[in-house]
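Residue numbers (UniProt numbering), protein chains in the order written: chain A, 1 to 634; chain B, 1 to 677.
Just so you know, these hints were derived from the structure itself, not from any lab.
Accuracy of the hints is not assured; some may be wrong.
Unchecked claim - Derived list of chain B stretches under chain A, where covered just means 3 residues or more per stretch with a C-beta under 8 Å from a C-beta of chain A:
hint : stretch
1    : 73-82
2    : 123-132
3    : 345-352
4    : 363-371
5    : 519-526
Every residue gets a Cβ at the ideal spot worked out from N, C-alpha and C, and that includes glycine.
Listed here are the chains, written in short residue letters.
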Amino acid sequence: MKQLSLTFLLLFSISTFSQEIKYSSLLTPKELVENANSIIRNQEILISVNSQNSLTIKKKKVVTVLNKSGLNNVDAKEYYSKSEKIKNIEAIIYNDFGSEIKKIKKKDFIDQSVADGFSVLTDGRMLYLDYTPTSYPFTIVYESEVETINTAFIPTWYPIDDYFESVEKSSITVNYINDLGFKYKEKNFENRLIKKSETSNTITFSVENILAEKPEDYAPSADKILPNVVFGLDKFNLEGFEGSAKSWQEFGMLWYENLVSESEEISEETKNKLKALVANETNDLKKAQIVYEFMQNKTRYVSVQLGIGGWKPMLPLDVDKLGYGDCKALSNYTRVLLKNVGVNSYYTVIYGDSRKKDFEKDFVSKQGNHVILTIPNGDKNVFLECTNQKIPFGFGGDFTDDRHALLIKPDGGEIIKTTVYTESDNIQATDGSVQLNSNGTINGSLKIVSKGIQYDDIYEIEDEAKDDIEKHYKSSRFHWLNNLKINSYSFKNDKKLIEFTENISMNVENYVNIVGNSFMFPVNIFNRKTNVPQRYRNRKQPFEIQRGYTDIDIIQINIPENFKIEALPDNITIENKFGTYKFEILINNNLINYKRTLIIKQGFYDKSEYENYRQFIEQIVKHDNSKILFNKLQ
Amino acid sequence: MEKIKFIIYLTIIFFVNIVFSQDYKLGKVTLDELKQDRCAMDTSAVAEYIFSKGKTYIEYSQTDGFKIITEVENKIKIYKKEGYSYGNYEIPFYIENNSTKEQISFSNAITYNLVGDKIEKTKLKSEGEFEEQVNKNWGIKKITMPNVKEGSIIEYKYVIRSPFISSFPIWEFEKKIPVLYSEYFTQIPEYFIYNSNIRGGLNPIISVDKKKRTITLREIEHVQGKGKYETAVKSNFVSTNIDFEQVETKYILNSISSFNDEVYVNNIKNYTSSISHELAATRYPNQDYKNYALDWENVVETIYDDNAFGGELNKTNYFEVDFEALLNNINLDEQKISVIYNFVKAKMNWNGYMGYYTDNGVKNAYKNNIGNVADINLMLIAMLRYGGINANPILVSTRLNGIPVFPNRNGYNYVIAGVELDNKTIILLDATNKNASPNIIPERAMNWFGRMIRKDGTSEMVDLYPKKNSIENVSMLAELQTDGTIKGKQRKQLTDYYAFLFRNENGNRNQENYIEELEKTENFSLVEEYKLDNLNDLTKPIIETYSFTSNSLVDIIGSKMYFSPMLFHQITENPFKAENRLYPVDFNFPIKDSYTFSIKIPEGYVLESKPEPINLVMEENMGLFKYTVAENMGTIQFACSLEINTPIIESAYYQHLKEFFNQIVLKQNEKIVLIKK
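Build the full structure now, drawing on both the sequences and the hints.
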């Protein structure tokens, strides 16, 4: 499904571009050069909805590229397939002074299969420009025209589509015929000067003089902060399938009838197996779990993207026979399996991404890039990720959590929200005991239990090779522990409780820094924050913590008899809107009890809060590095 | 290649390996194999090859000429879900044009599963077979096996029929998962001479056999009818028997462990166990022995004689006019080299393509200011020669191309320029990177040995690894405050490769971003007065100076302050974490890092203790580490230096190297202790 998510922005132009504009980069306004690797001098996109089955996208993009990094912002490429044709594509390069130095025709563009890296097969192809600049800056005038039958997708307009790129002028015009139910939605227009003009069958948006922006850590995704306009039609065509829908209800029904319900046949053999498997089970959810695990063991994820195959699931009978399929095929297959044991479930379209991406729920149109399955269960729907053979029943992890999705029900579509995992769900609890030896070595054993999204982050370690597991501990999890030796480890994956337990035994030579007779012992051995977020002189974007979590570490440290504590760090509690940090030490003869609590809350904050958050983390990093000073008695 | 009009009927006699022949055939899956739930060699393996067998032979057909045919049979056991990817297999194939391309066919593809006590077989059908044209020259054939589960056994066979006699496949013994049995069998008629080379740390059992063959040459003789009315053509078949010999070689390895990646590796392909073959010569019946490449001298000659190489080197007319203006009044060789090199570097833009043959030719490249590696560097050589400089091409194998195993044209894929001075030293020049300078060539070309070809056709090996240590010189004046804050001013000097890499990375970086990133990576609370010198003057070292404030460097515990005199420059982790190492550590270039700091102790504090000095020397002077701390009038004087003098350290020295770094990490993290008066 990925190929049609069309996150690449289709951009183009009209023919009114006049001769008097010189393509000289010397004429660029100075403020647009600041922070920029490239400048969009003028971009004009003209989209014409010719009929329900024909859409033309023309682009003209004039970009001044200031340096090598700006070359990636040119985006001189177009995709094509059986249903999308590139009618024109060309580019002209102008030097600093505006005189033409090279003309690139269609045949000089490189033809390449769209290898998305995970599909076994795709019929999507692209033409792209492979130009080696002879000097910077230069200006490129890129023009293209693409015609497609897929009116279900009208490209979203992002006037700002790259960082380090300023925009002198950019516009989009959509011409449409009136009886197809053209609609659009503006997003993030606040504080932006965007001009709009409309007639009965055309609409134009334009912007001027937008300064280059740079990426910032913790910034929300582009669709949440950058201005954009989504367009759509009530009557559309999708790879030859013509549909009409004004509401999600209607849209879902169409989808169900045309793309999902075609055949619900599976083999007798599978039917009999299912019958036997759920024979004694009366509870629907328990039945569903058995069927889900049956499906997980029988299938694997393989992606095939061909024409309508990018939209329509493979037949359940084929999945049954071959034992593989993509998200659509496996979800639909599971739906049919469940139906066979009398459990109702719905094919569910969603954006799958660990970076949360939501359905535009008040804009009825083809959205999403992934499919899961929903089992209705009162006010707590159960969501099944069918492309993962190992994930527990009813757990989708961070790929589909906390976002809106579209249920495709026989009686119509419905927007629902998936499970939210909060800081009290996403827990990592560490219990450990450590022996400090008088030569500075520590021996320790740990039990770490992870739940919620923290479960998702770790459970796959279970089946990794020994070398990779050790590498995980040495180079990532406990990377600050030089000379870490893992003596043994074992895992317990409780899929019912969705809890993953690691038991690790280890030793670390030279853990303690010895200065003469003093021993500097960093008291937080196993869970340190080591990176402070970047400081920005002038933060521009809001910031977002996508998911909250809680870490609790309780470690007992045995110290040698002849060690005397000379200095101890103070206990501390920091509490603010971002979360809580506690650092506690309790001494009991030769036993030190160390407890660390860190709670980070999910949140979306104004840019002015960023510095406070950064300082909060800076404090944590500092306290995570606190040391106890021992003196060795002779 | 010239086609010969005869048909070889090869009587195929299978080489029978008495010990193993029973076990290593497709279609013989047993219940025991299916029941096995973990790999005996490595219990954490996600899958294993029960066997992987390959056979390469040569066939002739009257229509297509010679073809090199490779048959591979794989039998794979899947243990874990992570191993499901072995249920998909893909083979790229080369397409020269519609009629000349590699052809791939799969057969005997079956998934076996245990169902109850029975073996269930599922065959691969056409719906699981795909072909994709990636671009003009490459396609991919893929299969997706049905019904793959934990415990499944997958079998398939594929045949690659290639018209490219000179590209013999490479057989890889080692894979990412264990291989219980690997066998490679070659049958090579005496008409072809291939050099073979086994690479990596494993020694396959090799058995060689020579077989006599009788082939029947059948030639069609077209006989024109004679006489006034006899115009018909008559065809006679003429058969001749010819005896020839075929060399049959079998390579066998058992119980091969999986292969792991590590840090500081040049190109992993250089170390994995494999066997490759290169066409050296052909000697067809009734024809002259045709030499392709037998030693590097031959290789060099073949390359040199090609118009796209030697021919291009000899062209001069395209630059002559510019040249006169360029070298006006310049007489010293040293100046000439510099002027010509900088001219070509400034004028030409590399299009990203490798190769030692020119693409569009030097003349076109010169006109358009764009070219591939050969366009640019051969042009450079031609201009240097025109200016009377003794410049020669040096053929290079890039890091990605690996270290060539035997003399052949594919062993090289890159060319640079070498200027031979009177004292026989050679200056390496590569004009494809704007930040390169004499003896500073891009990393991609810094691989193994190159081969320099002189005008008279003689050639010589040239070591491409830099000899001179690249220097990072850091000096600092810092002041420690009673609250643990350190304020300081740092000056960092970078030479040679350090400077080259810095320029490549930061050449057009926005300064504000750079400073913010610096604050983040070094955990500074503030960076000010940032200044960067000589970014564009390649003849001088990079000099970066800035003032910083940091409050993350000092621990205050009770009445004491603890800090490492390295401040933020210490190596905190030993990069060599693995217990053992099978292949060399590649540092790319020799280095010398030195730190000279002066740190002022705050009012009210005195030095209580300081780390002991240390002087570590690795054997054969491969590495050196020095560290001293002194105090004078309330100021700490600190000096530390680290040298790696051998850029490539063999695995035999690994434990030593690991320990060397371990000592460095320990020492660099030792603390100075200050105490309140």
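Hints, one by one, checked against the model:
1. Counting residues of the stretch 73-82 of chain B whose C-beta sits closer than 8 Å to any C-beta of chain A gives 3, which meets the bar of three, so the coverage hint holds.
2. With 4 residues having a beta carbon nearer than 8 Å to a beta carbon of chain A, the stretch 123-132 of chain B meets the requirement of three or more and the stated coverage holds.
3. Three residues within the 8 Å Cβ limit are the bar, and the stretch 345-352 of chain B against chain A gives 4, so the coverage statement holds.
4. With 3 residues bearing a CB less than 8 Å from a CB of chain A, the stretch 363-371 of chain B meets the requirement of three and the coverage assertion stands.
5. Residues of the stretch 519-526 of chain B with a Cβ under 8 Å from some Cβ of chain A number 4, which satisfies the need for three, so the listed coverage holds.
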